[in-house]
Amino acid sequence: MQLLPGFRDFYPEDCARRNYIIATWREVARRYGFVEFDGPMLEPVELYKKKSGGELVGQLFDFTDKGERHVALRPEMTPTLARMIIARERDFKKPIKWFCAPQFFRYEKQQRGRLREFGQLNCDLIGESSVAADAEMVALAIDMLRAFGLSGEDFVVRVSDRDAWKAFLDAHGSFDEAGLAAFLQVVDKMERNKPEVTETALKAFGISLEEVRAFIANPGTHFERFNALAAELDARGLKGFYQLDPTIVRGLAYYTGLVFEVFDRKKTLRAVAGGGRYDNLMSAMSDGKVTLPAIGFGMGDVVLGELIDATPAAAEKMKTWIAQRHAADVYIVIANEARRVNALGLVQQLRGMGFRVDYPLSAAKVGKQFQNAEQAGARCAVVIGDEWPQIKLKTLATRDECIVALDELPARLDSASPGFLVS
RNA sequence: GUGGUCGUAGCUCAAUGGUAGAGCUCCAGAUUGUGAUUCUGGCUGUUGCGGGUUCGAGUCCCGUCGAUCACCCCA
0 MQLLPGFRDF
10 YPEDCARRNY
20 IIATWREVAR
30 RYGFVEFDGP
40 MLEPVELYKK
50 KSGGELVGQL
60 FDFTDKGERH
70 VALRPEMTPT
80 LARMIIARER
90 DFKKPIKWFC
100 APQFFRYEKQ
110 QRGRLREFGQ
120 LNCDLIGESS
130 VAADAEMVAL
140 AIDMLRAFGL
150 SGEDFVVRVS
160 DRDAWKAFLD
170 AHGSFDEAGL
180 AAFLQVVDKM
190 ERNKPEVTET
200 ALKAFGISLE
210 EVRAFIANPG
220 THFERFNALA
230 AELDARGLKG
240 FYQLDPTIVR
250 GLAYYTGLVF
260 EVFDRKKTLR
270 AVAGGGRYDN
280 LMSAMSDGKV
290 TLPAIGFGMG
300 DVVLGELIDA
310 TPAAAEKMKT
320 WIAQRHAADV
330 YIVIANEARR
340 VNALGLVQQL
350 RGMGFRVDYP
360 LSAAKVGKQF
370 QNAEQAGARC
380 AVVIGDEWPQ
390 IKLKTLATRD
400 ECIVALDELP
410 ARLDSASPGF
420 LVS
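So the first sequence is numbered by numbering that gives the first Met the number 0: it starts at 0 and just counts up by one.
Hints are computed from structural coordinates only; laboratory data are not their basis.
Quick caveat: nothing in here was measured; it's all calculated off a predicted structure.
Mixed in with the good hints, there may be bad ones.
Derived DSS-like pairs: lysine-lysine, alpha-carbon spacing no greater than 27 Å straight-line [to be verified]:
hint, residue 1, residue 2
1, K202, K48
2, K266, K108
3, K288, K265
4, K49, K165
5, K49, K65
6, K188, K288
Using the sequences and the hints, build the whole thing.
Structure follows, in structure tokens:
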């Protein structure tokens, strides 16, 4: 049996990685005062059609259920979030700061950094339109990555502003929203396409490639919002983690102002995170009943995992976290099978105290048991045998061992400290 | 969705069209109350799947499934 293309099995080592990533996301999001929410994994297809106008439907993981409902596995969180906010908008103090880190799905041919099933952090700040909110979100994205042991040497946030491009376009003629979206598509692809291709595409707007290049080369006067954002980020000591990059516009139509994407400095991976302002989405999805400005970003687990692997300091940090979390505290060595009943009592007692305890389920040689203790990452071994009612306590790292009375054992173990063995 | 490359043991990979192999891992023993190293022994294959060419196919051809890279797209 093969697994479905683009889906993953999570063996314990994979699960540990995912747990580490999600736990770190949670910790940093909470540091910023964000609270966790979640929604259904399956939604009516209409939810996604309403927002995107059907363009994305081809990439939806959709099917018809037994009740003849056309449903889709969620490809992103924003529509669900918008529905939830709109339904109970008055119940929440503004600004609303929510995050979630669930699984998403899309039906696309998989390739490096992109699967059909993936985990993604979503952070959204709703009900605040100031540049302070923009700065808060960019700072959050930066601190998220720093929490993984990544530095300004490893990644950079490229920031842009769709409003600046809108002003640029307005100066060259009269265009509707669709025109702006089409124009931004051209800008988005400039970096990848040949100049002639861009030149041709720009003719539809009566704009020359030179004009666009001149705008990008001298953006200072057009990106006032960015300058205010930069001042806020510098005040936090985050200079060096971001840069203005007018060519970043993001693919989605609903972005309105600030947009940003996070890339690895070596530029060998696809975007690690991306987001921006979507001030009109709540209104559009509620037919004007709810009007709330919003800004959010997403961060995928697949690319982030690749960046961590490619960055020694980050990889080491992850390894340490996983090792600490999975190691046993105590391994009970049963040297004399006649004492197994006593060992079981001790196992239960220590587990009741909160220690992570392992022991052999069937008779095994002492040497084998110590080997198992080592592999379990146990910090100490308790040998139960002919010394009973005394036991032998051994610190595995130092190989020191001593004989102690059974009642003394709990006092020799201190679960509060990592090096809990009291000598 | 389009195109290139690749599918051999649990993993990494060999094998001119001629008997499917090695290293690592794993398991056991050397070592019946102590972890490393070492040594010895042992397990695992419809060569992704299905056809075709051939006396003979892991090898060549076609199809298919999967992986991977690029394009498309990117929530």
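*Any of the earlier hints contradicted here, and which numbers?*
1, 3 and 6
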